[in-house]
Amino acid sequence: MAEEKDLAKIKEAVKRHKKEVYVPVVPEMQLGFIHNNVDCIGCRACEIACKDKNGLAPGPRFRNVMYVEGGAFPDVYAYKVNMSCNHCAEPACLPTCPTGAIFKRKKDGIVDIDSTLCIGCRRCEAACPYGAPQFIPERNIVSKCNMCVDEIDAGRKPYCVQACMMRVLDIGDIDKLRAGTWVTKAMASHEKPVGAVKNMANPELTKPSIVFVAHSKAVVK
Amino acid sequence: MSASKYDLHAIAERLNNAARRDFLKTTAAGAGVMAAGGLIDLAAPREAKAFAYEPYPTDDQLTTVVTSCAHNCGSRHVLVAHKKGDVIVRLSTDDGRYQKDGHFGKDTFEEPQLRACLRGRSYRQRLYSAERLLYPMGRVGKRGEGKFKRISWDEALGYVSKKMIEIKDKYGPTALLDQSYAGASYGVLHKSDQIEGLLGRFMGMFGCRTNSWSVPSYQGTTTSSRWTFGTIEDGNEDDAFAHSKLIIMWGWNPAYTFHGGNTFYYMRLAKQNGCKFVLVDPQYTDSGAAYDTWWIPIKPNTDAAMMAGMAHYIFTNNLHDQQFIDKFCMGMDAGTMPEWAGSTPNGKENFKDYILGKYDGVAKTPEWASEICGVPAADIKKLAHMYATTKPAALKASWAPGRNAYGEQYNRMAAALQAMTGNIGILGGCAEGVGKAWHAEAVAYPYDQYANTWFASIKSDRWAHCVLNYPNVKREEIGLWPRQDATDGQIPNIKGIFWQGSDWFNQLTNINKEIEAIKKLELVVCMDSTITPSGLWADVLLPVSTHFERHDVALPWYKGHYYIHRPKVIEPLGESKTDFQIFTELAWRIGGPTFGRAYNPKASREYFHYNDAVDEAYLREWWEHKVMAHQGVTMPWEEFKRLGVYKFKLDKPHVAFREQIENGKRFDTPSGKIEILSTELAYIGDWTKTKYGSHIPSIPKWIEPWESLNHPKTKEYPFHLITPHPRHRTHSIFANCSWLQETFEQECTINASDAKKLGVATGDTVEVWNERGKVVVPVYVTERVMPGVVVIHEGAWMQLDENGVDRGGNPDFLTLDEPSPAGSFAYNTVLVNIRKTELEHNPGWDKTSISRSQVFRRDN
Ligand code: SF4
Ligand code: SF4
Ligand code: SF4
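Note that the protein sequences, when read in sequence, are chains A and B.
Counting from 1, one number per residue, gives the positions in the first sequence under my numbering.
Counting from 1, one number per residue, gives the positions in the second sequence under my numbering.
One chain only, chain A, in its complex shape:
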């Protein structure tokens, strides 16, 4: 249904649009994830809990437990790196969205996509260095982890965290997590969190809100 275009209006809109400058939201407190690469058994209960929560068909995965293995028989090692959306401080996805469907919450830094605005152009999918945005073909939209905002707003934790049989996945105030002062079962008292491991894109790209207890072979020098 082609609409009559009003040239004046378009010009006005372009002018207005050009003036928009994106200033990243600085949240009052940034929530982020912690994952213990070593103690994780790779069971993927977190993944399935997420798929069920978000009603995802096979294919798109908001959370992805990566399996890493190496060495030569019998001297081998294996560990897991578990990532979803990292609700980055400088989200690469957000400014690429032509409709402004992606937004970052002020109070806790959660990055979410408003599905009513998403037109399925998949730019965010291309922009994210961690592969978080997932295309949902049946609905022609992109969707991703929103840290289960509904659960957060109800004072609970995300489905994946609550699913973890080993209690190695958790969320918290990312600053405190980084400082090692956040109380969490994901980490033993002698363990130290790190902001990056091998097998992930350079965190300098977006400043992701995630820390890991790294496997010795995953440590980034």
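Note that these hints are calculated values from the structure, not bench results.
Treat the numbers as computed from the prediction; the structure is a model and nothing was measured.
Note that the Cβ used here is the ideal one computed from N, Cα and C, for glycine as well.
Take the hints with a grain of salt, since some may be wrong.
Here's a subset of chain B near chain A, in silico, CB distances under 8 Å, partners left out [unchecked claim]:
no.	residue
1	R90
2	T93
3	A255
4	R727
In silico PhoX-like links for lysine-lysine, alpha-carbon gap of 25 Å or less [what the hints assert, rightly or not]:
no.	chain 1	residue 1	chain 2	residue 2
5	A	K185	B	K106
6	A	K185	B	K649
7	B	K106	A	K176
8	B	K245	A	K192
Assemble the complex: chain A is given as a structure, and chain B with the ligands must be docked to it using the hints.
Relative to chain A, chain B with the ligands alone:
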């Protein structure tokens, strides 16, 4: 599109200020109530805003119903249904709220949350699957062709009851084979089970039942535990593992099986307390990785030899606990031999002298063991030293190495090691074995002398052999259980099979032989919630409601001390009925009120249509007369129903045989001791008259299996196949769930050096075959499995092509239906060959639902 959606002012506001549009705001009823113990210091008020993915009901807008998972995985976890009307919208799990004094986030050492695994979490896919059986179906094609038409309950049950009577009259009381199994198990009321389930009692009362006595998962282990300790309750509760200083995981992979509600988690706590872990396994499993283990790769089926080598090291270095041996063991050494032993036909030897080589001239040294098991002698010594000198140490001798030729010898050898190091009956030690721990009140269904009545009982994996060779079958070939009456030794004339909670046709060994046998039967009935590979071979399919659609209480399978209420969460789908309804109605049809009332005393015939009040009555009675009466529970039934979960708090960690060791209580064996020398076995002279069928030494010994990597047969079949439990299925259950198919694929795991020789790489498809069958699977190349060993997980749904090749990759086309004397299934005693193939693997019945599993499978 309304213009407002593209209002740039609105967008600008969104970009820089996270305020949500007003029309998205709703206030969720009940939100905020569960804040206690919660998360983050998020400021109140807690106003749940609607989701960005409209329309999306939040949990607090849905009805919450607490229930549990229900299969034979070795565990039992909480599932919480969030439903709208009669539809389950999503599932969550225990979060600490659904128990007495519970609150969100409560997860203590004493009362840990019972968090469901990936299978449980995908339950909606099973519940609402395309494979769900909704109506009774009658076969219209040839048997196994998979063609059925919908029939009424009246037709279905009319046919089944008529055939049952006909078969019993014509062929006698052994003509119907009970192949019920634990696939829909461990409700206290709606129980499917091999020995004492609802089907067994129904057939026993009917007077026609051949029982299948050997348990596929762990018969070798069971027999070993019974001989040695007199019980299968040789397990500690899972929190006891947190107290170990050394845990040896022998063929044990809790990261896949989730055996025990929280065992794997308590082991993590042990690790944090400085516990060391060792993995003896042909594979470096995910358990191996997560617990930072010292991996000792071992040739499959040679475990008993390695353990004998360890025993030799411990004895000869005087590291054994002689005091413990003298006090608690029989037959460990010359000093603990009973006087009577010398005059028995089979009981003259003691364990230590066997190990030292006194009888056969072969000392079972680590060097001797190394030749057999492929583990360097130095490693055997090192492990033996560690185990004998670290206190307390848990040697967890898991079931898998027992699913082998002479698997029982492995478990008995492990028990000998546990005993000689004094690690039995102490906190942090381990006598497992079977590993059943806390004793639950398990029976709410009617239970009487008919609960396990049978007229013949055979080794479960010998049914096809029996059917195909009848009447020219010797009793020892089928492990016929002795009877005390004139029918002792009579070979059952099997003409019909019942499957209840059982996919045994897909799950027992040597499926091609089963396919031959099933053609000879006159009645095959399958009762299940979904169509299964077995169901395709049935004459009548009876739709059984899942545990979401019937009232019950769940109990832990193996470890854990709790009950979980299972209300009827939703109405039964389609025309499905509970097993109990079906058997009750069949009883009424066959024997009128006499049989009907005897089978289900609380019900009238109306039960087939209205079962709620009767089920409630059974469950309430069980709670009040068993749980409250025997287990010190004061919580009323109504309160338990309201809360959902009852967690027991034990005064001290439950450790098997603590009473025996601390207070001198007798063991449940004939001698009252830990029987390294088995009294029962010592006295046996004529083995053909026993259920074992052939000779078993009275002490643990290494016996060469009929095939292994040390066998000349490796010229033709150079690879040893093991078939462990998968993570993404409970045996064959959940095989049709696409979420799970996405997490792992059915594949053949092979060492990189072997793959190189065969010219295959990850992503290629191979055919794996031996003289019994052929399967087609993708190959996964890794350094994490021992060269010469290949792994295919059991439970894939078979999919035969026109040439009888299984494209689904079910390894039981390759396994042998030759059980060990004590009944161990030989699931892991298989030699095969492999080659690259052009044949296509078929990952599922519904190909379109199979997603990009390979794409996500692994990263390097
Ligand atoms: S926070 Fe929620 S949406 Fe994000 S990965 Fe976890 S379960 Fe999925
Ligand atoms: S649920 Fe926990 S242990 Fe399992 S894969 Fe996810 S993070 Fe790892
Ligand atoms: S471990 Fe067993 S009971 Fe627990 S959720 Fe998984 S399948 Fe269900």
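We went through each hint and held it up to the structure:
1. Using the Cβ-Cβ criterion of 8 Å, the hint placing R90(B) at the interface with chain A is satisfied: the shortest such distance is roughly 5 Å.
2. Against a cut-off of 8 Å between C-beta atoms, the interface hint on T93(B) holds, since the closest Cβ of chain A lies about 6 Å away.
3. A hinted interface residue such as A255(B) counts as satisfied when its beta carbon comes closer than 8 Å to some beta carbon of chain A; here the least separation is about 4 Å, so the hint holds.
4. Proximity of R727(B) to chain A holds as hinted, the smallest CB-CB distance being about 7 Å (cut-off 8 Å).
5. Annotation: proposed proximity of K185(A) to K106(B) holds, straight-line Cα distance about 12 Å (limit 25 Å).
6. In summary, the hint linking K185(A) to K649(B) is supported, as the alpha carbons are separated by about 22 Å, within the 25 Å threshold.
7. Between K106(B) and K176(A) the CA atoms are separated by roughly 22 Å; this keeps the pair inside 25 Å, and the hint holds.
8. With a CA separation close to 23 Å, the supplied pair K245(B) and K192(A) stays within the 25 Å bound.
Comparing the model with each numbered hint stated earlier shows that all of them hold.
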